[in-house]
Amino acid sequence: MFLKKKTRTMVINGREVHLRPEKFYWSDFFMALPAVLILILITYYPVAELIRISFTDWRLTSREYDYVGWKNWIWLFTAKTSLRYLTNSLRVTFIYTIGNILIDLGIGLLLAHLFNHLTKPYSFMRALIFMPRYIAMSSCGIIFLWMLNTDYGVINKMLEWVGVKNHINWLGDDNLALVSILMLTGWHGVGYCMMIYLSALLGISRDYYEASSLDGATGLQQFRYITLPLLSPTTLFLFITTFISSMKVYQSVDVMTGGGPRQKTEVMVYYIYRLAFDDNRLDRASVVALLFFVVLLVITASTLRITNKNVHYEA
Amino acid sequence: MQATTRKTALPPRVRHTVGITVRTILAVLVTVIMVFPLYWLLATSLKTEAEVMSSTITFWPKVPQWVNFAYVVNKVPFFRYMLNTAVVTALQMTSELLLGVLAAYAFSKGKFHGKHFFFIVVLGAMMIPIQVTFIPLYIVIARVGLMNTYWGVWIAGCVSSYAIFLLRQAFMTVDDSYLEAARVDGMGKLGVLFRIMVPMCKPTMITVGLTSFMGGWNNYFWPKVIVKVQNMYVLTVGVQRLRTSYGGEITNNYHQIMAGVLLSIIPVFIVFALFQKHMLSGFTKAAMK
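From first to last, the protein sequence lines are chains A and B. Take any residue in the first sequence, count from 1 to its spot, add 218: that is its number in the working numbering. Take any residue in the second sequence, count from 1 to its spot, add 2: that is its number in the working numbering.
Next up, chain A with everything else stripped away, as it sits in the complex (with noise of 0.2 Å):
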């Protein structure tokens, strides 16, 4: 049944011609399989063993377990030092998102205003914009930690020059932790978003402008009005990357604040990270990791509904 094969007719020039059957290449399927094979292996079979994994008390230093049921699930959602630290790192999560988003898209939508210029200088600097993405976060994170150096680095030392004479502790404070690395990884990403957006506004036609422009309207009214709702399928485009890769973050906590002071920038995979590396609680850690799966899992899935149902698409 799976390899029937069926005789299709087809009537071509008032003649009835017989089709040969459709085929299954087993060449097709093979080429396909390595890729199809290594994916399950290296992203489903994990997921499969998360769950699993969830149910045990598995010790990183140890290579025996026990299945002990639901108690890292009970732990998760009623032990008083989970739920401060899981709900923290959720809210510190979200946080750094929407920063990042607001960040990221806003001023990348002003910089594809201002760098809408197709000349050879301007091409320059856009490149020079653009260029810091590719560039290791992790490089890019030491670099930061250098300029938002207490004592000897270069921002508070411009700061002295505005009359801020005490150095801002910019990584130990509580809330500019999270600020600093709101600026880095904003640094790093809006070049991305300026590219993104200039392109969609050169897709823009030029007769929406002129039109509007006959009818009074101002500059003001023609980007609300002409230049919003047209770049709405990038907006969408650049906010559900944008979201999903911040609530991923951890390369640029990881290096500027190590998840401190007092865990105010500690992200959810810094968390689980901590509790399987620095704990050894594997068992948690899966526990925390699956939770984190289903928020990701959510978050896209409603997102991508949201997509179909106010976006406009013609342009």
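Honestly, the hints are just simulated from the structure, not real lab data. Being a predicted model, the structure only gives us computed values, none of them experimental. Glycine included, C-beta positions come from ideal geometry on N, C-alpha and C. A hint or two may mislead.
Said to hold, decoys possible - If you want the footprint, here are the derived chain A segments under chain B, 3+ residues with CB under 8 Å: (1) 309-316; (2) 325-337; (3) 355-366; (4) 512-523.
We have chain A; now place chain B onto it with these hints.
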């Protein structure tokens, strides 16, 4: 109202020139701010310790201290880090492209049952990031003894569903008549794929190759999890250890750290300079799909 008064106050041509000037000044200013961290990286890497620790800003060192680079290279096995990174990146690029091209061909031109289902499986993998799966992967890799090896670092990124997706999109645009013509001339399936489809989709191949290179070279999370021996560190991890190179204490030897960072990103700059056009156009193209 305000707009009209301004219009009458200045002739249009003057307004235009003023607009252009303001815009250019703003653009240059933004560019300077964005480039400043990279400039600061370069400037710091050439400073003396006294210049790094001084209370005033030294924008450019009096005498460039090339010795900082020599120091980094001697203090830590820097070229070993670079070799490790290069090997892992090369492995990853090769497997991503090779397996990606094969799978993309099967999903675009191939005929087999379950094609749609398998493609959904590939796309679904995009939703499961390494940050979710790293614990079981770590356990498996440790079990089979691949900790601290190139293979261990490579395995987590050896196939990219994103690459398969992009290549499939490109292959679908190739008209079937090319393939039929080649088949009639007696070319095998692999011949058609590598001699006709791959060359025809060169821009996408370059985009995928570059993404893969950047992903491999800048990878941090997984190598950090899987590599615990200094000799097997990749650059991103090794450079971090420069901060604790004086007996584990976090230090302010930033002139040396910056020298290390700069050395580690030079290959990226070279690739960026060579492929700048492809990168800018390729990535916007990828985004539009």
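Going down the list of hints, with the structure as the test:
no.: 1; hint: 309-316; verdict: violated (count 0)
no.: 2; hint: 325-337; verdict: holds (count 4)
no.: 3; hint: 355-366; verdict: holds (count 9)
no.: 4; hint: 512-523; verdict: holds (count 3)
Checked against the numbered hints given earlier, the structure breaks only hint 1 and satisfies all the rest.
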